[in-house]
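Line by line, the protein sequences are chains A and B.
1 is the number of the first residue of the first sequence in full-length UniProt numbering; add one for each residue after it.
1 is the number of the first residue of the second sequence in full-length UniProt numbering; add one for each residue after it.
Calculated from the structure, these hints are not laboratory results.
Just so we're clear, the structure is a prediction, and the values are computed from it rather than from any experiment.
Think of the CB as a built atom: it goes at the ideal place given N, C-alpha and C, for glycine as much as any other residue.
Certain hints may be false.
Which stretches of chain A does chain B cover? Using the computed rule of at least three CB atoms under 8 Å from a CB of chain B, they are [unchecked claim]: (1) 33-41; (2) 143-152; (3) 216-222.
What follows is the residue order along each chain.
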Amino acid sequence: MKKSKVFWGYAVLALVIYAVVQVLISTGAIDIYYKNMLITMCINIMLAVSLHIVIGVTGQFSIGHAGFLAVGAYISAIITTKLMLPFPLAILLGALAAAGAGLIVGIPTLRLKGDYLAIATLGFAEIIRIIFLNTDYVGGAAGMQVKYLSNWTYAFVGVVLTILVISNFTNSRHGRACISIREDEIAADAMGINTTYYKVVAFVIGSFFAGLAGAIFAHNFYIIQPTTFGFLKSFDILIYVVLGGLGSLSGSVIAAIFLTVVSTYLANFPETRMIIYSLVLIIVMLYRPTGLMGTKEITDLFKFGKKGGTK
Amino acid sequence: MKESKKLKKFGSLLVASSLLAGVLAGCGNGGDSGSGGGSSSSGGGSSSDGDTIKIGANLELSGNVASYGSSIGLGAELAVKEINDNGGIDGKKIELIKVDNKSENAEATAAAMKLITQDNVVAMLAPATSGNTVATVQIANDNKIPIVTGSGTAPNITVNEDDGTVNEYAFRTCFIDPFQGIVAANFASNELDVKNVAIFADNASDYAKGLAKSFKETITANGGNIVAEEAYVAKDADFRTQLTSIKSKNPDFIFIPGYYEEVGLIVKQARELGIDVPLMGADGWDSPTLVELAGAEALNNTYITNHYSAEDPEQKIQDFVKAFKEANGDKAPDAFNALGYDSIYYIADAIKRAGSTDGEAIKDALADTKDLSLVTGTFSVDEDHNPIKTATVLEFKDGKQVFNSKVNP
Chain A
1 MKKSKVFWGY AVLALVIYAV VQVLISTGAI DIYYKNMLIT MCINIMLAVS
51 LHIVIGVTGQ FSIGHAGFLA VGAYISAIIT TKLMLPFPLA ILLGALAAAG
101 AGLIVGIPTL RLKGDYLAIA TLGFAEIIRI IFLNTDYVGG AAGMQVKYLS
151 NWTYAFVGVV LTILVISNFT NSRHGRACIS IREDEIAADA MGINTTYYKV
201 VAFVIGSFFA GLAGAIFAHN FYIIQPTTFG FLKSFDILIY VVLGGLGSLS
251 GSVIAAIFLT VVSTYLANFP ETRMIIYSLV LIIVMLYRPT GLMGTKEITD
301 LFKFGKKGGT K
Chain B
1 MKESKKLKKF GSLLVASSLL AGVLAGCGNG GDSGSGGGSS SSGGGSSSDG
51 DTIKIGANLE LSGNVASYGS SIGLGAELAV KEINDNGGID GKKIELIKVD
101 NKSENAEATA AAMKLITQDN VVAMLAPATS GNTVATVQIA NDNKIPIVTG
151 SGTAPNITVN EDDGTVNEYA FRTCFIDPFQ GIVAANFASN ELDVKNVAIF
201 ADNASDYAKG LAKSFKETIT ANGGNIVAEE AYVAKDADFR TQLTSIKSKN
251 PDFIFIPGYY EEVGLIVKQA RELGIDVPLM GADGWDSPTL VELAGAEALN
301 NTYITNHYSA EDPEQKIQDF VKAFKEANGD KAPDAFNALG YDSIYYIADA
351 IKRAGSTDGE AIKDALADTK DLSLVTGTFS VDEDHNPIKT ATVLEFKDGK
401 QVFNSKVNP
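Produce the complete structure using the sequences and hints provided.
Here is the structure:
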């Protein structure tokens, strides 16, 4: 009973935040530049959280996440631009297509471990990118012009859905199975957990939400090109997760917000931009080797406060 | 047990906390730049009625193609300095505001929005590459701020691919891809008198594909035969297989549209395989790195079409070369420098003729430009917002680009 009360509390809070931003946007207090930054932030949060379930929860080191972003982006763009179907349908199908790609990629590769898995996922992401590069239907190297259809509502709902599903999954029986794989795969296997099955499930869920982010990404930036989804994009997402703290959902969210703001702000200093950005990463990793949040969640911090209070 | 129940809450809390943080960050920045804009406008007044005219530059200053964006920026800075030293536009100084777009489409979109909403620019230099420029076209149209790309050569920047309508606020200083292919084909059939040609194009680049297509059409119309067509992909390093296949067809001439990194190796390997026929490319070859990769000797008997040549004896060009060398430590300006320089003069000329800094008036003036004499050629703007201007053909002799001829459209 207490649990549901807390849940609704946060649901209301989320709604209030959504409404406040929406009002600020419609009255023009937040102009297109900041609106774009907020949407970019939402996209990055979705990407970070969707990779968190693969790396942070299940412990599978995947560095091909941009591939699923690309599938979501291209499939949704084809649906709206070529087939002229509505945007919500495009988001759904883009995400499902990415999940499908995740399944196809996941079944053979998730039998691998560590470095081998990393290289296999990187390879698959490149294959996905090269397929789009050589498909004239989606514009090949020149890319595909996409209608601007995204807005704050889609981005916000996407983030809420992503966090809700992934946090609930993590706390479910299946999530605990995934965590046990992260902690010790052999032990998990010995306890009767079907490790390959759970790894694939986590991978498919992660791909689904990466595809969701891809659909919003494609409809927010006017053009998608295969070069956008190169392995550097995968590393950007990986950085959010590692910087936030492997295993911490709130950490990856905070890192995604933090780095989006840093990157946007540094656009004013073109000469030193990449140096400062890199320095920020190095300093954070030096002083917080386990990431901003370590394996803790932001809720843990409040809990410690409460415990201290009752004592 | 109590602990595990509590753990379950964190998901929904996260939703709230992350969004709150996002909102705070957004508002915080809004406040910052608002005050920043305020202080600058108290100094110079707003863009339309103060004594400065703000022109944005949304350029690739870091990332994959940083060298293109930086070169455009250097040229643009020189032009701004010259205009300001000569009294500005109707007494108003130009202020160039540069923003980095990391060579990424999404960043280019954000940079365009920043320049329009935070810096209140009256016109913008658009990114150096086509994809990044396309990412800003819609924003320019929506906000009625004209953009001019120095080197974005794809046709779909100024003309909407789907319905063929012109993007009202998008302009360019360079010629479009197909034009270079036509010039190269005409040069090959008229000047070099070749009949059997081969094409070796970068399959991963739209630029190369566009050039290859228009070259093929024109050379066929001129009565030439395509004896071989091979392709490579950017970042390849060994081209001997394709080159051997081309060699077996005995072409008199090989057209190689592509970028200097691969072309340098292609030229070197072609010469090693004993292919001594003329090779030709386009502005993608224009880099000092090409000579380093291919070697001066291998580059003999190769030609490129380009926007301009620093060797061109014309007075205007030599003046520009001299001024650029003075400003940049004796470095000879390349085509991107020249295009950046010209783009600023193109915008400045339009603002002057428009007599106002209103986006709509500047747009109309840009579209009406006729016989404007610039470093990369005298040009007029056609109904698709593309300049009609000359292309220059250069020949490599002992590693140096030597001016060969100018070709009119």
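Consistency of the hints with the structure:
Restraint check on the region 33-41 of chain A versus chain B: 7 residues with Cβ-Cβ distances below 8 Å, three needed, restraint holds. By the rule of at least three residues with a Cβ nearer than 8 Å to a Cβ of chain B, the coverage given for the region 143-152 of chain A holds, with 3 such residues. With a threshold of 8 Å between beta carbons, the proposed coverage of the region 216-222 of chain A by chain B holds, since 4 of its residues qualify and at least three are required.
Checked against the numbered hints given earlier, this structure breaks none of them.
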